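2 protein chains.
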Amino acid sequence: MEKLNVAVVGATGLAGREFIKVLEQRRFPVGSIRLFDSEHSSDTELFFDHQRIQIEEITPDVFRDTDVVFFFADADVSRRLVPLAVGVGAVAIDNSSAFSSEADVPLVVPEVNLSDIEWHKGIIANPNCTTIQLAVTLNPLHKIIPVKRVVLSTYQSVSGSGTAAIKELTSQTRLVLDGYRVCPHIYAHQISFNVLPEIGLFLDSGYTREEQRIADETRKVMHVENIAISATCVRVPVYFGDSASVHIEFEASMNSAKVRRLLAEAPGIRIIDDCSVSLYPQPWASSDSNLIFIGRIRKDLSLSNGVALWVVADNIHKCTALNAVLILEEGVRKGWINKTGDHRRF
Amino acid sequence: MEKLNVAVVGATGLAGREFIKVLEQRRFPVGSIRLFDSEHSSDTELFFDHQRIQIEEITPDVFRDTDVVFFFADADVSRRLVPLAVGVGAVAIDNSSAFSSEADVPLVVPEVNLSDIEWHKGIIANPNCTTIQLAVTLNPLHKIIPVKRVVLSTYQSVSGSGTAAIKELTSQTRLVLDGYRVCPHIYAHQISFNVLPEIGLFLDSGYTREEQRIADETRKVMHVENIAISATCVRVPVYFGDSASVHIEFEASMNSAKVRRLLAEAPGIRIIDDCSVSLYPQPWASSDSNLIFIGRIRKDLSLSNGVALWVVADNIHKCTALNAVLILEEGVRKGWINKTGDHRRF
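As given, the protein sequences belong to chains H and S, one line each in that order. Counting with the numbering used here, you get residues 0 to 345 for the letters of the first sequence. Counting with the numbering used here, you get residues 0 to 345 for the letters of the second sequence.
Treat the hints with care, as some may be off.
Note that identical chains are pooled: a pair holds if it fits in a single copy or bridges any two copies.
[Unchecked claim] Result set (SDA-like, lysine to any residue): computed pairs, CA atoms no more than 25 Å apart in a straight line:
hint, residue 1, residue 2
1, K2, S277
2, K298, G199
3, K257, L202
4, K338, V276
5, K257, R173
6, K257, Q211
7, K147, A227
8, K20, N337
9, K20, V175
10, K20, E38
11, K142, L300
12, K166, R16
13, K120, S100
14, K2, F46
15, K142, E117
16, K298, D203
17, K298, A102
18, K120, S95
19, K298, G205
20, K338, L174
Treat the hints as calculated values from the structure; they're not laboratory data. For clarity, every value in this text was computed on a predicted model and none was experimentally measured.
Looking at chain H on its own, in the form it has when it is part of the complex:
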């Protein structure tokens, strides 16, 4: 396989660093790698494959001779720079929400809709972590008995808000343990020893953008328009790992034993579910895993066709870094992502 030239925007953030680590560990055949970040980045170089790589600032024409550009910055940065990458013939794999809802941009969870990569026109979007957990969980079930409605409440870690949020949880926690009051910076309120039902901007509907995004993205990834999804997203004082309590209503009878069997056979999932010895997925125990963990699988007693379960995955390692690397690996393997200029264009 011909080596690809790769660039990473937002390389020094939590997600960018984890992506670089995963790319290296999986020995993807990289020709050159260029790392970019804003001038505010605290680091000036990172290691890739034992080489020091300078962190560069973005300038016009910067993506020339690059085959694939990964974006781990916020949506505004992606909106500004993704067109530059696509303009010089590179494929942009974007972790922000900037393009994820556009009809001609595939939104890909490799375990669910890998073949959507085929019709990309230069941009491939990486979904939200909860979307990935939900789509990987629902898809193998929906194929057997259609899913009608999902109610979920999340327990999302601070790493989803980046390095500064990790630092804030640590510093706030120390202050609170020492008896001080704290002044929040990253979140609207104290996150240490507290939970905050606010992730993303609030919409007129009263849902947050994150909550709406989970519903929209899950339907897009699964290619279904009529699954009703209602989410409540909550930030909890956990460093890594997003958890969700998921209550699923099916169109017809579905029992928990069948759900357990279908999920056990599905790709990317490990069942951790033995109540007799208190075994169930936990964010602390899911760090750095390539899998999505599912437990607490039980018939929902409030409904004739319902099943409830509990899902956990590492939001940074699995849902952000690994998902992007898998899109690259599989896209290249299938011939859907190629050297610059070979792929279909806008």
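Using the hints, position chain S against chain H.
Positioned in the frame of chain H, the structure of chain S alone reads:
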């Protein structure tokens, strides 16, 4: 009003101490107060109304001359000692689950079913915190449009597991911040910077006893048999305050503005709900309050007759201590709790 002689079992635990504080603050006319705990209690005396009160061990006949005995120990202790209290003519107000499901034991949330105290036969049960939050929230809505089904996921603080859990959260947190691995004692797994979907023993249904109890108790408090309730109970690294994400399905059309108005007028509730300035209930900000806080009220977009909301209350102060004191105050005021021998008996 004639002063009542009061006894407290489990006086040195978190709930017992808080109860004593609230009883004192509200200036309930106490004749004598006797405080009991097991021989393992670390304290030998507590203050009540500036008086030192010795902590006594339970002996036979210990409740003689007592009018009301409050139980803040576990269900086994209540099962053993509540009959002793009732046997000498005292009223037992029990915070455990020992008698809460018995048909001839009223389970009372003063804001919802105060008048159930009237038919007590010596025992009055205090519900689970989440039950109290849920019943206070659902009752004013259910009176207008019947509630059909409720899906809730909780974010419950460690104080619900007592003093040792508070200490464990603190010590684990310090160890984790210093880079050590921790060994859990109170919970099956690390609680610091983690979330655990296990509260109470697991039942054959796959639900925990806590999850089943919330469903059963809410129906009992509200006097309705047909509200379907499915709960997922999760322990989070928070000291005080239980939160719940609640998705309600009504039998007929109900909009979020009407829910907000009905709840704003209902007893015991304060609405904290202004998304434009990130205002919503948080456990950290709800400590020591006498109220149940509700926010994030919105139409559930996955359902035609659905509303979603977020509820927070102080599990120890409001749901345990104050609920028990209110049962006493109101029961006495209405003449349903009297000096020993005056009330109806087994």
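Here is how each hint holds up against the structure:
no. : hint           : in the structure
1   : K2 with S277   : neither (47 Å within a copy, 48 Å between copies)
2   : K298 with G199 : between (32 Å within a copy, 18 Å between copies)
3   : K257 with L202 : between (37 Å within a copy, 19 Å between copies)
4   : K338 with V276 : neither (51 Å within a copy, 48 Å between copies)
5   : K257 with R173 : neither (46 Å within a copy, 43 Å between copies)
6   : K257 with Q211 : between (29 Å within a copy, 23 Å between copies)
7   : K147 with A227 : both (6 Å within a copy, 18 Å between copies)
8   : K20 with N337  : within (22 Å within a copy, 71 Å between copies)
9   : K20 with V175  : between (34 Å within a copy, 24 Å between copies)
10  : K20 with E38   : within (22 Å within a copy, 56 Å between copies)
11  : K142 with L300 : both (23 Å within a copy, 24 Å between copies)
12  : K166 with R16  : within (16 Å within a copy, 36 Å between copies)
13  : K120 with S100 : within (14 Å within a copy, 62 Å between copies)
14  : K2 with F46    : within (19 Å within a copy, 76 Å between copies)
15  : K142 with E117 : within (22 Å within a copy, 55 Å between copies)
16  : K298 with D203 : between (34 Å within a copy, 11 Å between copies)
17  : K298 with A102 : neither (36 Å within a copy, 27 Å between copies)
18  : K120 with S95  : within (17 Å within a copy, 62 Å between copies)
19  : K298 with G205 : between (30 Å within a copy, 8 Å between copies)
20  : K338 with L174 : neither (51 Å within a copy, 49 Å between copies)
When held up to the earlier numbered hints, the structure conflicts with 1, 4, 5, 17 and 20 and fits the remainder.
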